Amino acid sequence: MNHDDLKLELLNLPVKYLHQMARGRIHRHFRLGKQRLVELILAFPPDQRLAIEAELQQIQKTRQERLALQEARSAALPKISSPPLRSKVLSPKGKPNFGPPQPSVNLQQILEGIGVPEPMPFVPDPWQTEAVEYLAHSDVIVSAPTGSGKTYVAIQAIKQAMALNQTVIYTSPLKALSNTKFMEFTQLFGSDQVGILTGDRRDNAQAPLLVMTTEILRNLLYDAASGEIDLRLHTLGLVILDESQYLADPERGVVWEETIILCPAQARLLLLSASIGNPQDLAEWLQAIRPIPCHLVRHAKRSVPLRGLYLHPTGQLVPLFRNQDIHQGKGYHFHPETKRLFAEYEIKPFI
Amino acid sequence: MPPAIHPVDLIEILRQHRLTPAIVFLTSRRACDEAIDTFAHSSARVSHQRSETIRTFLEKFAKDFPSIEHHPLIPVVQEYGVAAHHAGHLPSWKIAIEELMRQGLLDAVFATTTLAAGVDFPARTVVITQSSVRKSQDFTDLTISEIQQLAGRGGRRGKDLVGVVVITPSPYIDLHILGKGLTGYPEPIDSQFVVSYPMVLNLLKAHNLDQIEGLLAKSFAQFQLNQRSAIHQDHLDTIQEQLQPYGPRECADWVNQWKVFDLARRRKSHRQPLVNNDTPFLTACLPFLTPGRLIGLPKGPAIVLRQYRSRGTFAPMLSVVRAKGTIGECPAHSVTQIYDRVFEFQPSRTLPWCPPHVLHQLKKELSQLPARLPTVPILTETQEADDPLLAEVLTEEFPCPTCPSHSACKKDFPLASKLRLKSQQLTKTIQALRDGLWHRFQQKAEVLHKFGYLTAGSQLTVDGEWGRLIRINHSLLITELIRMDAFSGIAPGLLAGVMASISHDDDRPGSYMRLPSGLASVLTQVRAVADSLSPYEPPPLLRSDVAALAERWIGNPQLTWASLVRSTSMAEGDVYRLLARTLEFLSQLYGLKVTHPGLADIAHSAMVAMRREVLQELP
Ligand SMILES: Nc1ncnc2c1ncn2[C@@H]1O[C@H](COP(=O)(O)OP(=O)(O)OP(=O)(O)O)[C@@H](O)[C@H]1O
Ligand SMILES: [Mg+2]
Numbered sequence: 133m134n135h136d137d138l139k140l141e142l143l144n145l146p147v148k149y150l151h152q153m154a155r156g157r158i159h160r161h162f163r164l165g166k167q168r169l170v171e172l173i174l175a176f177p178p179d180q181r182l183a184i185e186a187e188l189q190q191i192q193k194t195r196q197e198r199l200a201l202q203e204a205r206s207a208a209l210p211k212i213s214s215p216p217l218r219s220k221v222l223s224p225k226g227k228p229n230f231g232p233p234q235p236s237v238n239l240q241q242i243l244e245g246i247g248v249p250e251p252m253p254f255v256p257d258p259w260q261t262e263a264v265e266y267l268a269h270s271d272v273i274v275s276a277p278t279g280s281g282k283t284y285v286a287i288q289a290i291k292q293a294m295a296l297n298q299t300v301i302y303t304s305p306l307k308a309l310s311n312t313k314f315m316e317f318t319q320l321f322g323s324d325q326v327g328i329l330t331g332d333r334r335d336n337a338q339a340p341l342l343v344m345t346t347e348i349l350r351n352l353l354y355d356a357a358s359g360e361i362d363l364r365l366h367t368l369g370l371v372i373l374d375e376s377q378y379l380a381d382p383e384r385g386v387v388w389e390e391t392i393i394l395c396p397a398q399a400r401l402l403l404l405s406a407s408i409g410n411p412q413d414l415a416e417w418l419q420a421i422r423p424i425p426c427h428l429v430r431h432a433k434r435s436v437p438l439r440g441l442y443l444h445p446t447g448q449l450v451p452l453f454r455n456q457d458i459h460q461g462k463g464y465h466f467h468p469e470t471k472r473l474f475a476e477y478e479i480k481p482f483i
Numbered sequence: 318m319p320p321a322i323h324p325v326d327l328i329e330i331l332r333q334h335r336l337t338p339a340i341v342f343l344t345s346r347r348a349c350d351e352a353i354d355t356f357a358h359s360s361a362r363v364s365h366q367r368s369e370t371i372r373t374f375l376e377k378f379a380k381d382f383p384s385i386e387h388h389p390l391i392p393v394v395q396e397y398g399v400a401a402h403h404a405g406h407l408p409s410w411k412i413a414i415e416e417l418m419r420q421g422l423l424d425a426v427f428a429t430t431t432l433a434a435g436v437d438f439p440a441r442t443v444v445i446t447q448s449s450v451r452k453s454q455d456f457t458d459l460t461i462s463e464i465q466q467l468a469g470r471g472g473r474r475g476k477d478l479v480g481v482v483v484i485t486p487s488p489y490i491d492l493h494i495l496g497k498g499l500t501g502y503p504e505p506i507d508s509q510f511v512v513s514y515p516m517v518l519n520l521l522k523a524h525n526l527d528q529i530e531g532l533l534a535k536s537f538a539q540f541q542l543n544q545r546s547a548i549h550q551d552h553l554d555t556i557q558e559q560l561q562p563y564g565p566r567e568c569a570d571w572v573n574q575w576k577v578f579d580l581a582r583r584r585k586s587h588r589q590p591l592v593n594n595d596t597p598f599l600t601a602c603l604p605f606l607t608p609g610r611l612i613g614l615p616k617g618p619a620i621v622l623r624q625y626r627s628r629g630t631f632a633p634m635l636s637v638v639r640a641k642g643t644i645g646e647c648p649a650h651s652v653t654q655i656y657d658r659v660f661e662f663q664p665s666r667t668l669p670w671c672p673p674h675v676l677h678q679l680k681k682e683l684s685q686l687p688a689r690l691p692t693v694p695i696l697t698e699t700q701e702a703d704d705p706l707l708a709e710v711l712t713e714e715f716p717c718p719t720c721p722s723h724s725a726c727k728k729d730f731p732l733a734s735k736l737r738l739k740s741q742q743l744t745k746t747i748q749a750l751r752d753g754l755w756h757r758f759q760q761k762a763e764v765l766h767k768f769g770y771l772t773a774g775s776q777l778t779v780d781g782e783w784g785r786l787i788r789i790n791h792s793l794l795i796t797e798l799i800r801m802d803a804f805s806g807i808a809p810g811l812l813a814g815v816m817a818s819i820s821h822d823d824d825r826p827g828s829y830m831r832l833p834s835g836l837a838s839v840l841t842q843v844r845a846v847a848d849s850l851s852p853y854e855p856p857p858l859l860r861s862d863v864a865a866l867a868e869r870w871i872g873n874p875q876l877t878w879a880s881l882v883r884s885t886s887m888a889e890g891d892v893y894r895l896l897a898r899t900l901e902f903l904s905q906l907y908g909l910k911v912t913h914p915g916l917a918d919i920a921h922s923a924m925v926a927m928r929r930e931v932l933q934e935l936p
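Going line by line, the protein sequences match chains V and R.
The first sequence maps to residues 133 to 483 in the working numbering.
The second sequence maps to residues 318 to 936 in the working numbering.
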């Protein structure tokens, strides 16, 4: 293959394949744009050129096979009439030509039901009540999806503990999150009731509710173990570790383990975690090492249903999956229109 | 961000279909900023009334957080109701955007995926344009958990009947990763326990060794190691059962006896000198490097096909199959990781050392490895000679040739020895899994003893007593520097500069600043110490530009935040994070006020000088 042919072939390839070829060959290739990548690939010494050409052929072959397969599949589905391919994706002004909605997909139908619900009085979910109740006599781990209302559990637990004159520590993995929670709790409980501790500052450290990052709590616990108590750990009644899926963070995860191991026996632990695959393991672990039982509250269902859409760069909006709403654990089938449009996207050289 | 959809068009489409407010996740900070730039002079304005509300809000907000008062993005936010939100921004700006979003005043926020695990502000719609993220040096596919964290921001309780995730293609997208991520179950989490120097010192301060062994046994790490070793134990039990029929014969340990006999016979014929130059570590590794074992090599993962000794140097060698399906040879000492995974197959005696269909299978397995794999902890023992019998027996006559069970031994040996090897390997793995943590603790304690932080009896020395208060990354470097008086009488600015360069572990390019000569010489000294410590603690990047930046902020109290930021190419948010972390490091030095009052004083003046403008807005 001569230089110009190769260049053309490379330019016609979606850039992700160029990154794939550049991996291990070009330093920091992910920083580079398409043109630069192609230049560098073309500048390879002759021995690598051959390897590149072979790889290129392989990629083209698999792409063709895939496209053929997809075409065959969508042809097999008689219901969907594929609209003609747009010859030009962007009109001269750089604006997409929205055009009329495609006949194959009923936009109205896929957007149906999106909107604002009637205002409803706040009723805690059963799992929320369950978590708060169990805290009276055990540690609790809550594993629930993002945005499902774990903060409510934390707040109720804090109220319970404060009513008993106990100290409560709330930790989050990030300073930013600590700051947000500090403001939220200050509004809720009053500024004299909430303190915040950071690496270099302590505001209102005598308050019954203390917000800090997990590292700070770990340090406090080390100080307490060596007898240099400088906080009221003996009145500590509740420790809340928010976002405790951070336990698996490669760099910082160990801090969560240290904190849990060193957490005083009389304090209840409340672990709030996003959905994880093995909350049962965490619960068994706590059960094994803590003097009080541990109760797992696992809530997997999203509170607001989620719907998937695919938006083509031309402005066409189609369903992402064959099923309108996204469900867990049942596999997935992309909507034929999504498949067709995406195949079109992948093959079209955008230079 | 061509060749994907134009940001303005994206927002107009979302508005048109009542899919706002939305969070648009993009690959990089740059992409977010560029997306915002494209709005200027477009016609995608929000109503005049909404502009006014946003303006009033931001003005009020700037009273508490003056740092955002002149933020360059304010006009776009007001006019178009869109904003960028990423780690390059100041925390105060991010809080303002989050608050605007919560109040429903914005239509879209362009954010990087790092937001996913961070601050929470939900929206009706989440737009995903990528299926991988940049992690340190390369792009990694998003995990199911990560995708669900992103998608989870879509749909607000009480404000939306339905949440929407919109996928729009960009060059960084693989639809199937997203399909799996949206519909699959999140991955299980694994312990990432590491034993650090401060951990050792702090544990030893309050507990004796027995208690510490107990505390380590309470870790989630040990819990999971036990789970794994239980599986191995089951396996071991079945192998022991299979070994039953090969019990004692004429001699109790016939398998070993035959092995030595066999070896001696062959040695004789080759007249090969028996010298074993393997390091103890390598010797400890060899029993694990058996056919089917998954290992890490400098170039990536591979599976062992056979182990042999090189003809010339007698060094242990491996034949391996790599991810591309190629078979190669490598010395056993080049193995970087031994993973806790073995693919069973029947080894064969000629290339490709296994049945061809197995080779294909192995290649497939290699291409589907999960991102993180548990490794086998290797315990190096002070090794007794390979086979104590060997030296002794070689000189003697063997009973084997005339033994009545000769033929039985000869027949059974291959299978029996294979089973026995496997059972030994399993026993070792189980032991390593059980003792791994404790072993790592002891290794760290040994280093601390060597440096004089611990006595031979694992008590804290005088240096250990204060050293344990330094509970940050690179603690060994910092305590060593303190011990060699590297900071005595140093100017607060220089101290802050050094701490900044030790704390900063990001290699995003900054700017080349003129280094004050004092700083240059301190940094050279620090670098020398860090290098000398590298066998015990990975050295920090020690970038001099960030040192100069921190030094400048403290050295010149008249310097405004704006002109500091202007003097570097680092993003504002990065400068903030750098200084905030430096503050944290300095406050650890300040914590040594009892034992090192001089140093604590300098650290304190540096902290006081540092806390001005933005750096005192938030706790
Ligand atoms: N029982 C409920 N009924 C209605 N709305 C609720 C209920 N519980 C919580 N919410 C609302 O759900 C929203 C999200 O809650 P929250 O921030 O606690 O989520 P989370 O589980 O902590 O998510 P994340 O993983 O992001 O931290 C809040 O606005 C809250 O008011
Ligand atoms: Mg939360």
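In case anyone wonders, no lab produced these hints; they're calculated from the structure.
Wrong hints could be hidden among the right ones.
Computed spacing ranges between beta-carbons, pair by pair [unchecked claim]:
| id | chain 1 | residue 1 | chain 2 | residue 2 | range |
| --- | --- | --- | --- | --- | --- |
| 1 | R | Lys377 | V | Lys433 | 15 to 25 Å |
| 2 | R | Ser849 | V | Leu174 | 36 to 46 Å |
| 3 | V | Pro382 | R | Pro565 | 41 to 51 Å |
These figures come from a predicted structure and were not determined experimentally.
Yeah, the Cβ is synthetic: ideal placement off N, Cα and C, and Gly gets one too.
Hints, one by one, checked against the model:
Here the CB-CB span from R/Lys377 to V/Lys433 is close to 39 Å, at odds with the stated 15 to 25 Å. The supplied range of 36 to 46 Å is met by R/Ser849 and V/Leu174, whose beta-carbon atoms lie about 44 Å from each other. Checked against the given bound of 41 to 51 Å, the beta carbons of V/Pro382 and R/Pro565, roughly 49 Å apart, stay inside it.
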